[in-house]
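Peer 1: So the chains spell out like this:
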Amino acid sequence: MFKKILVPVDLAHLEALQRSLTVCADLARHHGAEVCYLGITATTPGTVARSPEEYEQKLRDFAAEQGKVHGQPTSALCISSPDPVADLDDHIIEAIRTEGADLVLMATHLPRHLDAIVPAHGGKIASHTDVSVFLVRPRESSK
Amino acid sequence: MNNEQSNESVGVPAPEGPANLIDTDYVIGQDNVAASPLGMEVDLHGKVFTISSLVILVFVILTLALQNQVEPVFEGMRAWLTSNLSWVFLSGANVFLVLTVGLIFTPLARVRLGGQHATPDFSYAGWFAMLFAAGMGIGLMYFGVSEPLTHYGTALGGTSVEGGVRTDWAPLGAAAGNEQAAVSLGMAATIFHWGIHPWAIYAVVALALALFSFNKGLPLTMRSVFYPILGERVWGWPGHAIDILAVFATLFGLATSLGLGAKQATTGLSHLFGVPNNEVTMVLLIMGITVIALGSVMLGVDKGVQRLSQINMAMAGLLLAFVIIAGPTVLIATGFFEYMLAYLKNLPALTNPFGREDANFSQGWTAFYWAWWISWSPFVGMFIARVSRGRTVREFLIAVLIIPTVISVLWMTALGGTGIHQVVNLGMENVASASGDLQLFEMLGNLPLGLITSTIAIFLVIVFFVTSSDSGSLVIDAITAGGKVDAPKPQRMFWAIIEGAIAVALLLGGGLAALQAMAVSAGFPFTILLLFACYAIVRGLMDEPRGA
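Residue numbers (my numbering), protein chains in the order written: chain H, 1 to 143; chain B, 144 to 691.
For the record, the hints were derived by calculation from the structure and aren't laboratory data.
Be a bit skeptical, because a hint or two may be false.
Said to hold, decoys possible - Incomplete in silico selection of chain H near chain B, CB under 10 Å:
no., residue
1, 44
2, 48
3, 114
We treat Cβ as the ideally placed atom computed from N, Cα and C, and that holds for glycine.
Please work from the sequences and hints to get the whole structure.
Peer 2: Below, the structure written as structure tokens:
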């Protein structure tokens, strides 16, 4: 059903992504789909890496590690941005097009009042693309 | 510093590609506090955020509560600094100019910010619009007519001496009774204040920040620049103090400008449309500016700040073209070169830090301006740095130094020259007698389509404040987040709101003058810091791989 799954990841918060990564692995195995891990990093030094090049290398290593977990082909797409927080949605939507992904799978938080002012990325992506979007919420216990 | 890249460095490993990282164990964000109070995620440098927020809060409360006691203290501090230490400001600015211009002609200028393979994040048009709008857009609106007219008037009035001390405010030796010489001297003095010197100050800060962040891998905060001097101590209290001072200067500088800008825009609206010139209008304007700035910071650098800056530059370009065409075109065209020559001729005397006879001018104007530019330099420099990745040092310095200077000269020649022409040749005394914030509108009112151009001018004043406010919020957010530019969005919204709130509080409380004095006072410690930054820049550039 799905040939290529796009998974936006933040390497600084991998612990929060574990549930969505597990779901992704299951789906990739089930559909025999390729998984593209998308990282959007600042052009300035950050917690994970001190340059976009270093971030890209870490993302490639991460994708390769995940490939070993689920046994499906993986790729890594690293986009550097001077303002990653503001440009995140646009970069994901653009990556869906350039990578030819037919499913986007991403972790998201529980609904909150602040969403009215700062909307969650998942909702924005779903309303601006025609591919399927799978949002994975944290466990109930982690509320 | 290590000359070879290594993937074995402790802490954060080195990247691929030709850049020369500083080897440090510090991990960006390691001192940050990440939490979700009330469902709102925050990622802040605990000490810098807490102390700067508290200091700002205490300062605002004290200024409002003890205004009569506090204001003379700050005014006195400002007067003492600019009069007794004017030589420090003038010498410092000269050093910054010599360094930045000199670097253009050295092989060090081949270093590319972000590494030799880095590519620019923004087009020339977008990049230039942003650095100019953040740098001095609003000042050119405010002082474009009033400063040339003021210097012309004082120069024409000649010198006056009491008790062996000059009491006039004329630049250099004045030009008593000689109209043409007074115009030239007035324009030369104005160009001096708005030309290459301010941009050299910004260039030092921006180049230092870009170099130590993009090429050396340190966080994008002021403290990083001082790593070659302070070493690992830069991550401790000396670094905290530098960053807190940067937040303080930026926030108060912005809040003061917001307040002053609201005053000018209200004056313009009152002059044109009869809108009540009172505090309610000013507060509504600040709220409006803050709401637009909030929208802009939410949209980010690319879609928010860059677009607004480009709109502003286009509108300012139209206004400039209109004044040149509708005003004394030939006078402006010839004046551009004449005033530039007058500026170059007077430059050695204007930059002289010692033994000045024109103490009122050199201390009250030049030293005050230099202190003001320097106190703004963390904000403008950091913003320029953030949008300049991928440029070579030569490209960067030429763009930051030369192009804005030429445009500033053209702007001052057109607006100031037209204002002086209206007073001197056409006898339109309404321009000369108007208050500083009204002179622009009076000058435009004397030209055709005055209502339309004045409305555009008010629009420009407001949008220039939005671009200052949104870029300032991004900068303060980055500093208080320990150099992270990907901290949660609500933080940048918080700072944009705080700027507006402080401006409203101090406008109503009457503490803007004290605030301005305080922001200028921050210029002195920064002058000293920037002199050390010059050393750090040269040392940092010498370690970098250079392109062909």
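Peer 1: Against this structure, judge whether each hint is valid.
Peer 2: Consistency of the hints with the structure:
1. With its C-beta approaching chain B no nearer than about 4 Å, residue 44 of chain H sits inside the 10 Å limit, and its interface hint holds.
2. A cut of 10 Å between beta carbons decides the hint on residue 48 of chain H: the least distance to chain B is about 8 Å, and the hint holds.
3. For the restraint placing residue 114 of chain H at the interface with chain B, the shortest Cβ-Cβ distance is roughly 6 Å, inside the 10 Å limit, so the hint holds.
Of the numbered hints listed earlier, not one is contradicted by the structure.
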